[in-house]
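Undergrad: Given next are the chains, with one letter for each unit.
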Amino acid sequence: AQSVSQHNHHVILSEAASLELGCNYSYGGTVNLFWYVQYPGQHLQLLLKYFSGDPLVKGIKGFEAEFIKSKFSFNLRKPSVQWSDTAEYFCAVTLSGAGSYQLTFGKGTKLSVIP
Amino acid sequence: DTAVSQTPKYLVTQMGNDKSIKCEQNLGHDTMYWYKQDSKKFLKIMFSYNNKELIINETVPNRFSPKSPDKAHLNLHINSLELGDSAVYFCASSQAYDTQYFGPGTRLTVL
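Here the protein sequences line up with chains A and B, keeping their order.
Residues in the first sequence are numbered from 1 upward in steps of one, following my numbering.
Residues in the second sequence are numbered from 1 upward in steps of one, following my numbering.
Honestly, the hints are just simulated from the structure, not real lab data.
Just so you know, even glycine gets a beta-carbon here, dropped at the ideal spot from N, CA and C.
Each hint should be verified, as a subset may be incorrect.
[What the hints assert, rightly or not] As a list, the in silico BS3-like pairs of lysine-lysine whose alpha-carbon atoms are at most 27 Å apart:
hint, chain 1, residue 1, chain 2, residue 2
1, B, Lys22, A, Lys61
2, B, Lys36, A, Lys110
3, B, Lys44, A, Lys71
4, A, Lys107, B, Lys36
5, A, Lys71, A, Lys110
6, A, Lys110, B, Lys67
7, B, Lys44, A, Lys49
8, B, Lys40, B, Lys71
9, B, Lys40, A, Lys110
10, B, Lys52, B, Lys9
11, B, Lys19, A, Lys49
12, B, Lys44, B, Lys71
13, B, Lys71, B, Lys22
14, A, Lys69, B, Lys44
15, B, Lys41, A, Lys49
16, A, Lys49, B, Lys71
17, B, Lys40, A, Lys61
[To be verified] Covered stretches of chain A (chain B as the covering partner; in silico rule of three or more C-beta atoms under 8 Å from a C-beta of chain B):
hint, stretch
18, 2-16
19, 103-109
Please take these sequences and the hints and turn them into a complete structure.
TA: Structure below.
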């Protein structure tokens, strides 16, 4: 079964600092990759996703992620964070192809941005 | 318009009670899911229905029973509630195996 590792449990940054959150998955086949964000007290929202094509994907709110197949990684980046980015960030993976409904999540990274 | 909605948003109940959580999606999706988010924020799939057919049934106590009356609804019924059932339960929907969209969650507290 596939698994997802998010190495940073809690990241604390000052506003305007750059952000990179790590995500690695374990599966040798073709995968679809996602980053979701959960703002305090709210539901999960999709930030961005990768299914195929350009490995550098851009999402909402200035976030981007790069899929590096050789490293089984899908790290999330933002050049300059804002206080409003304070949230929990989840990396997730499904197997690519028909019948692959199961979304496996990492344990999440809590981001705290200090004004 | 709310794409995926859940009721209730909060549910506080005593051990041993039976309760239900309802989920509705108006996205026209054919697949719906239930996830459990524990106190450490870890999200785990519980069930999934595709066109009203159960396709994912993870290792969940049989006190939990999902029911899908139609493609737009997926309800979760829990019998004999236990303290360990306290969590936030999220419903989600997708069109086949495309992106999953989540509801606002139901925070269940068992006393």
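Undergrad: So, for every hint listed, does it hold in this structure?
TA: Hint-by-hint comparison with the structure:
no.	hint	result
1	B:Lys22 x A:Lys61	violated, 31 Å
2	B:Lys36 x A:Lys110	holds, 18 Å
3	B:Lys44 x A:Lys71	holds, 25 Å
4	A:Lys107 x B:Lys36	holds, 13 Å
5	A:Lys71 x A:Lys110	holds, 23 Å
6	A:Lys110 x B:Lys67	violated, 33 Å
7	B:Lys44 x A:Lys49	holds, 19 Å
8	B:Lys40 x B:Lys71	violated, 31 Å
9	B:Lys40 x A:Lys110	holds, 11 Å
10	B:Lys52 x B:Lys9	holds, 24 Å
11	B:Lys19 x A:Lys49	violated, 35 Å
12	B:Lys44 x B:Lys71	holds, 22 Å
13	B:Lys71 x B:Lys22	holds, 13 Å
14	A:Lys69 x B:Lys44	holds, 25 Å
15	B:Lys41 x A:Lys49	holds, 21 Å
16	A:Lys49 x B:Lys71	holds, 25 Å
17	B:Lys40 x A:Lys61	holds, 26 Å
18	2-16	violated (count 0)
19	103-109	holds (count 5)
Violation of the numbered hints given earlier is confined to hints 1, 6, 8, 11, 18; the remaining hints are satisfied by the structure.
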